[in-house]
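Next come the chains, spelled out residue by residue.
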Amino acid sequence: MIKLLGLFLIGVGFAFRLNPLLVVVVGGITTGMLAGFSFNEVVAMIGRFFTDNRGLLLPMVLMVPVVGVLEKHGLQERVAALIRRSKAATAGRVAWIYQVLRGLTSMLGLSIGNHAAMVRPLIAPMAEGAAQARDGQPNDQAREDIRAHAAAAENVGNFFSDDILVAVGALLLIKAFFENAGVEVALGDLKRWSLPTALWVVAVGWWRYRRLDTRLKKAAESKNTIR
Amino acid sequence: MTLLTLDVFLVLCGVVLGTVATLIAIDAAHPQRWGSAVFWMVLAVAIGAAKWLPPVVVGYGVLGLTLLVATRRVGAPRFARGERSGLEARAEALGNRLLWPVLVVPAVAIVGGGLLDLVKIGEYSLVNPKQVPQIALGLGCVVGLVAALRATGERPLAAAREGGRLLQLLGWALILPAMLAALGGIMGKAGVGDVIAKLVANMLPVHLPFVAVLAYCAGMALFTILLGNAFAAFPVMTLGVGLPFIVKAHGGDPAVMGALGMLSGYCGTLVTPMAANFNIVPAKLLELKDDYAVIKAQAPFAGAIWVFNIVVMYGCVY
Chain A
1 MIKLLGLFLI GVGFAFRLNP LLVVVVGGIT TGMLAGFSFN EVVAMIGRFF TDNRGLLLPM
61 VLMVPVVGVL EKHGLQERVA ALIRRSKAAT AGRVAWIYQV LRGLTSMLGL SIGNHAAMVR
121 PLIAPMAEGA AQARDGQPND QAREDIRAHA AAAENVGNFF SDDILVAVGA LLLIKAFFEN
181 AGVEVALGDL KRWSLPTALW VVAVGWWRYR RLDTRLKKAA ESKNTIR
Chain B
1 MTLLTLDVFL VLCGVVLGTV ATLIAIDAAH PQRWGSAVFW MVLAVAIGAA KWLPPVVVGY
61 GVLGLTLLVA TRRVGAPRFA RGERSGLEAR AEALGNRLLW PVLVVPAVAI VGGGLLDLVK
121 IGEYSLVNPK QVPQIALGLG CVVGLVAALR ATGERPLAAA REGGRLLQLL GWALILPAML
181 AALGGIMGKA GVGDVIAKLV ANMLPVHLPF VAVLAYCAGM ALFTILLGNA FAAFPVMTLG
241 VGLPFIVKAH GGDPAVMGAL GMLSGYCGTL VTPMAANFNI VPAKLLELKD DYAVIKAQAP
301 FAGAIWVFNI VVMYGCVY
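As they're listed, the protein sequences go chains A and B. Counted from 1, the first sequence has number 110 at position 110 by this note's numbering; the numbering is strictly sequential. Counted from 1, the second sequence has number 78 at position 78 by this note's numbering; the numbering is strictly sequential.
Chain A on its own, in the form it takes in the complex (with noise of 0.2 angstroms):
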């Protein structure tokens, strides 16, 4: 149970909003340290942990370059401007389309996108500009709104439909880790189990994003009356 104290402390320290990367630094420290290893030796650990994963960073300090140049010369103005043209576009659509697609890609074990390859520079913007050709400017309120659900349309779209045509990440995961365990499981049948969920996420983004389309409509009329 003593092995917990640095969950707890993690916990805690979130619930009082500190710092979370030195919440974390201090439970990885107590949580080593409480197991009987010396601090040098949890430091050593982190250290080599921290270089085994460092690749997670590869994707966004290559990115930014290539995104904050491009947003220099007005790429976000130039995004939000080509969603102008239709009109049947609004935040929550952009939103629902691009977590599909993101779902599509997904399946086939593809990876067109993260946050900063496709939801700064393109997503959240496009959704923004939706928002604005149908409510006028968002206020920041509504515009935190558009950004917050873009994001969650890349992870949704992400998550759910994981390998479900080509396996290529956590179906095998699974397989390797019952083959370990000595259980027998095809690839086949934890791919049809895992479509229900797909689908199911697709209607659930349908709903969620109607009702940031509904908010933002109700922010721009109740702005308009008072004026």
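FYI, nobody ran anything at the bench for these hints, they're computed from the structure. Treat the hints with care, as some may be off.
The list that follows gives simulated cross-link-like pairs (lysine to aspartate or glutamate, DMTMM-like), each with its CA atoms no further than 20 angstroms apart [unchecked claim]: (1) B:Lys130 with A:Glu41; (2) A:Lys72 with B:Asp253; (3) B:Lys248 with A:Glu144; (4) A:Lys72 with A:Glu184; (5) B:Lys289 with A:Glu144; (6) A:Lys223 with A:Glu144; (7) B:Lys189 with A:Glu41; (8) B:Lys51 with A:Asp140; (9) B:Lys248 with A:Asp52; (10) A:Lys191 with B:Asp253.
Facing chain B, according to a computed beta carbon distance under 10 angstroms, are these residues of chain A, among others [to be verified]: (11) Met1; (12) Leu18; (13) Val66; (14) Glu221.
To list a few chain B residues with every Cβ distance to chain A over 10 angstroms, as calculated [stated by the list, open to error]: (15) Ala46; (16) Tyr124; (17) Val211.
Note that the coordinates shown come from a computational prediction; the quantities given were computed from them, not determined experimentally. For each residue, glycine too, the CB sits at the ideal point set by N, CA and C.
Given chain A, put chain B in place with the hints provided.
For chain B alone, coordinates are given in the frame of chain A:
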């Protein structure tokens, strides 16, 4: 023997980060000039040169980064957005030339992901097959950068400056994912997962078939919330609760359980700050005021999907 390894791109990351650090160091107007410059320079070394350094040195380097962040010595200046009308005019002039550098990145990543490991020159293969997706994405970014510089007529230093603007918005959030992976590794070594699986199995009446499903799906979500990673939660919960109770005691189908169990874990990923890469980094990258805004938007998704998973698992697993 491989010709192109991930190390090339990690060194390139180090060069980008080092340039950002240098630009901060020579910027007298930067509000937290030296703390920020040191932060980005240490990070540049930790990313670019980690392979050639002893782990304990990297570890202390990372602790140093954390101290700089915790004592609030790292910050970003207020960046002036260009004049709106000016940007719109520029966007009008450049048109779709602005778009295709962004689109070429995933295009190269997908095509490269399919083709790179086929390239062989005699005994030399071009890349290590395990690194193909990351290398393809790295290549995509490099091609995208060249395209972006050509389209805008900017020099490479401008890319470092603009990239630095976005990286400084991210700040500490950039290294949180790698640190969480380190935390997960330490927890694994300390055996934290087994303690949790035992707790779940002991506290709940898992001899009832429905409770076993509920405990397994709840355990997957909770453990993912705590660790930020469904892949870490899966072996622990499946060994501790899933296999002994759902499969062995009640004769459940492991394929149904495994697929829907992992998907229940993803519901946890949607609502935890510990999955920083998916939830906290985008909030920073999209310049949201609330670091938890993405999590709040995703919470209803997570709830609806999690309940669905339980219903399908209970309906089909036995």
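Structure-based check of each hint:
1. B:Lys130 with A:Glu41: 29 angstroms, violated
2. A:Lys72 with B:Asp253: 55 angstroms, violated
3. B:Lys248 with A:Glu144: Measuring from Cα to Cα gives roughly 48 angstroms; hence the hint is violated.
4. A:Lys72 with A:Glu184: 55 angstroms, violated
5. B:Lys289 with A:Glu144: 8 angstroms, holds
6. A:Lys223 with A:Glu144: 17 angstroms, holds
7. B:Lys189 with A:Glu41: 12 angstroms, holds
8. B:Lys51 with A:Asp140: Since the Cα atoms of Lys51 of chain B and Asp140 of chain A sit roughly 44 angstroms apart, the hinted pair is violated (cutoff 20 angstroms).
9. B:Lys248 with A:Asp52: Roughly 36 angstroms separates the two Cα atoms, so the pair is violated.
10. A:Lys191 with B:Asp253: 14 angstroms, holds
11. Met1: 7 angstroms, holds
12. Leu18: 9 angstroms, holds
13. Val66: 4 angstroms, holds
14. Glu221: 22 angstroms, violated
15. Ala46: 7 angstroms, violated
16. Tyr124: 23 angstroms, holds
17. Val211: Holds: least Cβ distance 21 angstroms, greater than 10 angstroms.
Checked against the numbered hints given earlier, the structure breaks hints 1, 2, 3, 4, 8, 9, 14, 15 and satisfies all the rest.
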